[in-house]
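Chemist: Chains as they are written, first to last, in our numbering: chain A, 39 to 179; chain B, 554 to 656.
Note that these hints are calculated values from the structure, not bench results.
Check the hints yourself; a few may be wrong.
Capping the alpha-carbon separation at 27 Å, the derived lysine-lysine pairs in DSSO-like fashion look like this [to be verified]: (1) A/Lys-175 to B/Lys-557; (2) B/Lys-574 to A/Lys-100; (3) A/Lys-147 to A/Lys-98; (4) B/Lys-590 to A/Lys-175; (5) B/Lys-566 to A/Lys-95; (6) B/Lys-574 to A/Lys-175; (7) A/Lys-94 to B/Lys-574; (8) A/Lys-94 to B/Lys-566; (9) B/Lys-555 to A/Lys-175; (10) B/Lys-590 to A/Lys-100; (11) B/Lys-590 to B/Lys-566; (12) A/Lys-98 to B/Lys-590; (13) A/Lys-95 to B/Lys-574; (14) A/Lys-98 to B/Lys-574; (15) B/Lys-626 to B/Lys-566.
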Amino acid sequence: MALIGDTGQGMTATFGASSLSLSVTEITVGAITIDMLDVSTLATTDFQELISSDLKKIGKCKLKYVFVASATAPVVGGAAETMTITYPLFTGNVAAANLAGTAQFTDLKLPDGKLGEVMFGECEFQYNGDTGPTYTKATTS
Amino acid sequence: MKIKLQPHVALTKTPWGIVEKSLNQDIVLMENSETGKMVQCGYVGDTHFLPLSGFPQELCDAVATECAKQLGKPVSAGLAPPGLEELVAIVNANAGYSEDESE
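Work out the full structure: start from the sequences and follow the hints.
Modeler: Here's what the structure looks like:
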């Protein structure tokens with residue numbers, strides 16, 4: 039059986055309006071979740087009975103990047119724009135899998151300074167639900 | 554250089570069916586010069602071509618020019634996020650030593 043799986047090399051974060059370019063080393067994607075509501079009654083036994091709530095939510099996405107002093111930094115509280123996390127292209131893919139939607143930066147951690155250590159910045163953005171976020175699988179030829 | 558633009562949309566479920574909502578950007582497909590197959594190289598947003606990680610910076614201007622032709626509006630070449638080798642060079646430069654010294 040052919041081996042499957044891939045690493046994160048080539049994963050990309052892009053910003054539609056600000057066209058920010060970061061030297062990203064790590065992308066942490068927020069989990070998509072939905073609350074479960076307890077509908078157990080006095081007749082329920084053993085386990086709670088749960089139904090799903092109406093709306094899903096998604097956690098913040100976090101980017102760790104090599105700090106380049108001359109590069110534009112993310113603007114916390116700036117205008118919402120399309121932010122896209124694109125997964126690496128697999129062999130045979132035409133368009134890569136991606137997670138995209140309107141979002142804005144909520145957190146920016148500028149690097150600390152220490153002798154003998156590379157300076158990294160960290161920022162987080164939150165999809166705001168206006169458009170998307172939507173996960174689209176890769177298309178193949 | 555052969556470029557094809559595909560509208561990037563978010564599919565949204567509604568009680569009346571699935572609706573396509575625009576993400577205000579296009580997926581940019583480029584012909585691989587060796588295989589002849591179209592493969593994604595980035596997105597084109599409001600004003601910039603946004604290359605995927607590792608896409609050669611040398612090709613960004615040409616892709617942006619072609620996107621501008623097809624969209625009928627100015628498109629600038631975005632900065633390509635560095636590939637692994639370039640990233641190692643940046644990390645080494647920030648750490649204060651060259652590749653030769655690290656070997």
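Chemist: Compare the distance between the alpha carbons of A/Lys-94 and B/Lys-566 with 27 Å, and conclude whether the hinted pair is satisfied.
Modeler: It holds: about 12 Å lies between the C-alpha atoms, which stays within 27 Å.
Chemist: Holds or violated: are the alpha carbons of B/Lys-566 and A/Lys-95 at most 27 Å from each other?
Modeler: holds (15 Å)
Chemist: Does the structure keep A/Lys-95 and B/Lys-574 at a Cα separation of 27 Å or less?
Modeler: Status holds; Cα separation ~18 Å.
Chemist: With a cut-off of 27 Å on the C-alpha distance, tell me whether B/Lys-626 and B/Lys-566 pass.
Modeler: violated (32 Å)
Chemist: Is the Cα-Cα distance between A/Lys-147 and A/Lys-98 27 Å or less?
Modeler: Holds: A/Lys-147 and A/Lys-98 sit about 14 Å apart, inside 27 Å.
Chemist: Does B/Lys-590 pair with A/Lys-100 here, judged by a C-alpha cut-off of 27 Å?
Modeler: violated (33 Å)
Chemist: Between the alpha carbons of B/Lys-555 and A/Lys-175, is the straight-line distance 27 Å or under?
Modeler: holds (24 Å)
Chemist: Has the given pair, A/Lys-98 with B/Lys-590, been kept, meaning a C-alpha gap of at most 27 Å?
Modeler: Distance ~35 Å between A/Lys-98 and B/Lys-590 Cα, so the pair is violated.
Chemist: When you check the alpha-carbon spacing of A/Lys-175 and B/Lys-557, does it fall within 27 Å?
Modeler: Satisfied, since the Cα-Cα distance of roughly 19 Å is no more than 27 Å.
Chemist: Check the hint pairing B/Lys-574 with A/Lys-175 against an upper bound of 27 Å on the C-alpha distance.
Modeler: With Cα atoms ~17 Å apart, B/Lys-574 and A/Lys-175 stay inside 27 Å; holds.
Chemist: Checking one constraint from the list: CA of A/Lys-98 to CA of B/Lys-574, max 27 Å. Satisfied?
Modeler: holds (22 Å)
Chemist: Given the hint that B/Lys-590 pairs with A/Lys-175, test it: the Cα-Cα distance must not exceed 27 Å.
Modeler: With Cα atoms ~19 Å apart, B/Lys-590 and A/Lys-175 stay inside 27 Å; holds.
Going down the numbered hints, you'll see the structure goes against 10, 11, 12, 15, while the others check out.
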